[in-house]
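2 protein chains.
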Amino acid sequence: MANPITQLFGIRYPIIQAGMVWASGWRLASAVSNAGGLGLLGAGSMYPEVLREHIQKCKKATDKPFGVNVPLLYPDIDQLMEVIVEEKVSLVFTAAGNPKLWTAHLKSHGCTVVHVVSSVKFALKAQACGADAIVAEGFEAGGHNGREETTTLTLIPLVKKALNIPLIAAGGIGSGPAMLAAMALGADGVQVGSRFVATPEASSHPHFKSEVLKAEQGSTELTLKELTPVRLLKNPFYDQIKKLYAEGASSERLKEVLGRGRAKKGMFEGDLVEGELEIGQVAAQIESLLPAETIVQEFITTYNTTLERLASLD
Amino acid sequence: MANPITQLFGIRYPIIQAGMVWASGWRLASAVSNAGGLGLLGAGSMYPEVLREHIQKCKKATDKPFGVNVPLLYPDIDQLMEVIVEEKVSLVFTAAGNPKLWTAHLKSHGCTVVHVVSSVKFALKAQACGADAIVAEGFEAGGHNGREETTTLTLIPLVKKALNIPLIAAGGIGSGPAMLAAMALGADGVQVGSRFVATPEASSHPHFKSEVLKAEQGSTELTLKELTPVRLLKNPFYDQIKKLYAEGASSERLKEVLGRGRAKKGMFEGDLVEGELEIGQVAAQIESLLPAETIVQEFITTYNTTLERLASLD
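Protein sequences appear in the order of chains A and B. Counting from 16, one number per residue, gives the positions in the first sequence under this note's numbering. Counting from 16, one number per residue, gives the positions in the second sequence under this note's numbering.
If you are wondering where the hints come from, they were derived from the structure by calculation, not from laboratory data. Mixed in with the good hints, there may be bad ones.
Stated by the list, open to error - Calculated pairs, DSSO-like style, for lysine-lysine (alpha carbon to alpha carbon, straight line, at most 27 angstroms): (1) B:K140 <-> A:K229; (2) A:K257 <-> B:K270; (3) A:K175 <-> B:K249; (4) A:K249 <-> B:K240; (5) B:K115 <-> A:K140; (6) B:K140 <-> B:K176; (7) A:K258 <-> B:K257.
Just so it is clear, the structure is predicted and the values come from calculations on it, not from any experiment.
Please build the complete structure, drawing on both the sequences and the hints.
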């Protein structure tokens, strides 16, 4: 059966690995692409020349399509985009910013451009700017996230109804049954983040991966809404943030404590006390590290068995 | 195909209409039951003798099973339970309280008891208390809601894995595709609230119903977490609450402003300025008032067409 997402990217399965900071280097991206999904390099935590190195290594590690995810708030974005064009990366996901800024430029260089949003309004804006597909991300997603707190279950039908380009669902999707749920709601494919953090291939620190496996219901919270909302795994750093809120701290004070490099410290250097740990609610369902290929295969197997289990109602 | 929920309740379709305050009287409950789902009277907004009247009218209006939903924090709960037992209501949903309090009593009178929770922990507790089934309600649901903010997409697989009694999903389910999504995640049936508010049969005030139809993405927020968390439709009363938060108001001050009778004022008397309006995120998807029977039929039709549309992946 024709699927708009597999056709758009030239991949086997409509499973996209999210380009996450400090997790998604060439090892993870190439493993997902080799398994039939779409791997993305997370450029948000890479200097331009580091990204170039990852692109080149990824090309060597897979002959399948892969892409790059770029947060549009990246300070040296011009240099990142130059690397992407020079290295002839043909699939680019842009997030956390205005799709007007780069979509036309990337498309003029032959790129397929996908923009990540958390609302109908921005989905329509990205479509108007020429995006080839949309990722719509629900409240349960890890990392930076919408202010409107719309969950994936509510968001996907709204975006689907408004849009006429292919739609990828993100947020809370860590298994084949959840993928089937997203497709039932109208998505053409899924973007999976947290589940791919718990792989040997993710570049995240082993301490962070262990915390992801330990996570339970209620282990994360979407916070820092005054700055850039982010879903954090609860740890001593999170407790500091909560304490500041309880004291009625200003945005300036929050920003000061947040400082710089917190995410690297937590997720890449494994400092579970002072570091910022970003993960989705679905971490509560993740119980073991698995190779990326096994994850993709399990998604497909359980998607199919779940579909077979569901009977029509009469 | 055998479905644990249709078998447990003796109904045709595994669709349960939520027993909502100021919406779910005998007209709505009997209409849903007559359409093949399970209608529930919302006892939370009824004096005991009013509940008796609704039970008696509901019995006259349908020969199908129906039930009563009881919030366990209800002040004169002994009297409500007396009415339920005297009137031989055989299906009782309990919510917002400790399942230890009434489950054994109701079961000793031959009732099937279902308990509503928003976490794995309380699902297990309710199961241990002898509940026959569980409703697990996600963050996107209207009305009173869990503190852990776990969305339906994340919550249902967690509860399903932990539980060995039938599971009903609630929160964000306003259409057949969303019902299919919930069933894919492991639910045996769904509880639907907001969609049934937008019916001619709901006892809610027409002004409130109009606001539900106008709702868009971002029109609701889960707030008042310090007291009892509740998802509110944004209106001038909600603005008052937000202003109090911005001023750093104490819980006592919040409670004082909330006062008594706000929900009745808003949802039953139609005061859109001073009243509290409770609804789920899914209100953004609701565009017209429809008879309850039509809603049930549309759920089934679109559940089936969605299931047919989904192809296995290979």
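Hints broken by the structure, by number, lowest first? Structure breaks hint 5 only.
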